[in-house]
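**Q** Now for the letters of each chain:
Number of protein chains: 2
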Amino acid sequence: MKLYGYFRSSTSYRLRIALHLKGLAFENIPVNLVTAENKAADFTQRNPFGSLPMLEADGRDRAQSMALLEWLDEAYPSPAFLPRDIEARYTVRELAYAIATEIHAVNNLPVLKYLKDPLRHTQDEIDVWYRTWLKRTLDPVEARLAQLRTGDFLHGDAPGLFEIVLIPQLANARRFQYDLGASPHLTRIEAACLALPAFVAAHPDQQIDSPENKS
Amino acid sequence: MKLYGYFRSSTSYRLRIALHLKGLAFENIPVNLVTAENKAADFTQRNPFGSLPMLEADGRDRAQSMALLEWLDEAYPSPAFLPRDIEARYTVRELAYAIATEIHAVNNLPVLKYLKDPLRHTQDEIDVWYRTWLKRTLDPVEARLAQLRTGDFLHGDAPGLFEIVLIPQLANARRFQYDLGASPHLTRIEAACLALPAFVAAHPDQQIDSPENKS
Chain S
81 MKLYGYFRSS TSYRLRIALH LKGLAFENIP VNLVTAENKA ADFTQRNPFG SLPMLEADGR
141 DRAQSMALLE WLDEAYPSPA FLPRDIEARY TVRELAYAIA TEIHAVNNLP VLKYLKDPLR
201 HTQDEIDVWY RTWLKRTLDP VEARLAQLRT GDFLHGDAPG LFEIVLIPQL ANARRFQYDL
261 GASPHLTRIE AACLALPAFV AAHPDQQIDS PENKS
Chain E
81 MKLYGYFRSS TSYRLRIALH LKGLAFENIP VNLVTAENKA ADFTQRNPFG SLPMLEADGR
141 DRAQSMALLE WLDEAYPSPA FLPRDIEARY TVRELAYAIA TEIHAVNNLP VLKYLKDPLR
201 HTQDEIDVWY RTWLKRTLDP VEARLAQLRT GDFLHGDAPG LFEIVLIPQL ANARRFQYDL
261 GASPHLTRIE AACLALPAFV AAHPDQQIDS PENKS
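So the protein sequences, as listed, match chains S and E. Numbering-wise, the first sequence is residues 81 to 295 according to this note's numbering. Numbering-wise, the second sequence is residues 81 to 295 according to this note's numbering.
Take the hints with a grain of salt, since some may be wrong.
Identical copies carry no separate label here, and so any pair may be met within one copy or between two of them.
[To be verified] Derived DSS-like pairs: lysine-lysine, alpha-carbon spacing no greater than 27 angstroms straight-line:
| # | residue 1 | residue 2 |
| --- | --- | --- |
| 1 | K119 | K196 |
| 2 | K119 | K215 |
| 3 | K82 | K102 |
| 4 | K294 | K82 |
Treat the hints as calculated values from the structure; they're not laboratory data. Small disclaimer: the values here were computed from a predicted structure and weren't measured.
Between the sequences and the hints, there should be enough to build the whole structure, so can you do that?
**A** In structure tokens:
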């Protein structure tokens, strides 16, 4: 498998976590989002969305991270990202999709770029935008976790679809100086995940295109 | 089942289509998004996201439309929203999730409200925003459909997850004067869907809270 991604892209980060959790070997191919390498013709011929991540796997170029995560879990079932029980699957998907649609999508790089140009907002205004969408959805996710009395993970004793989506979002939250003080369930789950090798290997700072990478 | 929704909410529209396709009886309970009834305490106690749709089903208040659609398809498998073949499931989800995350999420009512206040954009600027995100993702979806040589539906001879997400989005596109002239695959699928009773019954104009409803 070949993963076309960018170290700081939170959807690329999702896929890196997922592939490491599944124990699947993959080649990490950096595509620079900031210089718009993803909009070059040779890339959009393969992925018309011009989006990252793109996974070349099982003879196909695949885009859209949530569809990719669902596909990975069906094509490579162990360890599972979703519980077997239908009710528990709903519990996990409700919170995973809340973060994917209500936070990530609205704070995605193309949206932030549009706020800057043509809409001419300042970086301060963009930062407030970013934290607004974090708060509006992380607070109810935290409330749900409290209702569910979750432990180190949303379901069972291992991370799954929710944690794969959550951890990159919390990394972004910290980058935008978002206060996670009122989110004890989220930060407990984060700490448990960040102690696992799959999450360590997937971290943006560990990627070959990151300036933080010292190897 | 009880569906708490709003006639013009495109995610409520998704659920109405889905429930009609499954042949499930449900009570439609209007919640006025414009007057923010969804943010009232008696509603957010049941759904901390304060979002529509909310489905009261099988003893649980459920939010997040994509998680709801996946749950409905698992709990009530016939007729299926997703093919059985893993590769075909990926094909459907890639395009369904592209629309859900890259168009709907960015054009959702809370985002448009924020552009107006506090960001003070004009309705013209908001309309351009809306059509921008439509075009950036409908064009590649159209390209994918051309590659796949689809007929009246993305997969097989019946609508599924993709069409459930697409049709409300195209209704919005028309409301915002978006030009669908370069989208022949999308409009062919739309025409096929709008001829089906489930889509007719789910249409915003047919709902009891719509001013267009004459019944």
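**Q** Could you figure out if K82 and K102 sit no more than 27 angstroms apart (CA to CA) within one copy, between two copies, both or neither?
**A** The answer is within: 15 angstroms in one copy meets 27 angstroms, while 38 angstroms across copies does not.
**Q** Please work out whether the CA atoms of K294 and K82 approach to 27 angstroms or closer within one copy, between two copies, in both situations, or in neither?
**A** within (23 angstroms within a copy, 56 angstroms between copies)
**Q** Treating 27 angstroms as the Cα threshold, decide for K119 and K215: within, between, both or neither.
**A** Answer is between; shortest inter-copy Cα gap is 15 angstroms, intra-copy 31 angstroms.
**Q** At most 27 angstroms between CA atoms: does that hold for K119 and K196 within a copy, between copies, both, or neither?
**A** Result: close within a single copy only, 19 angstroms intra versus 30 angstroms inter.
Hint compliance for this structure: no hint is broken.
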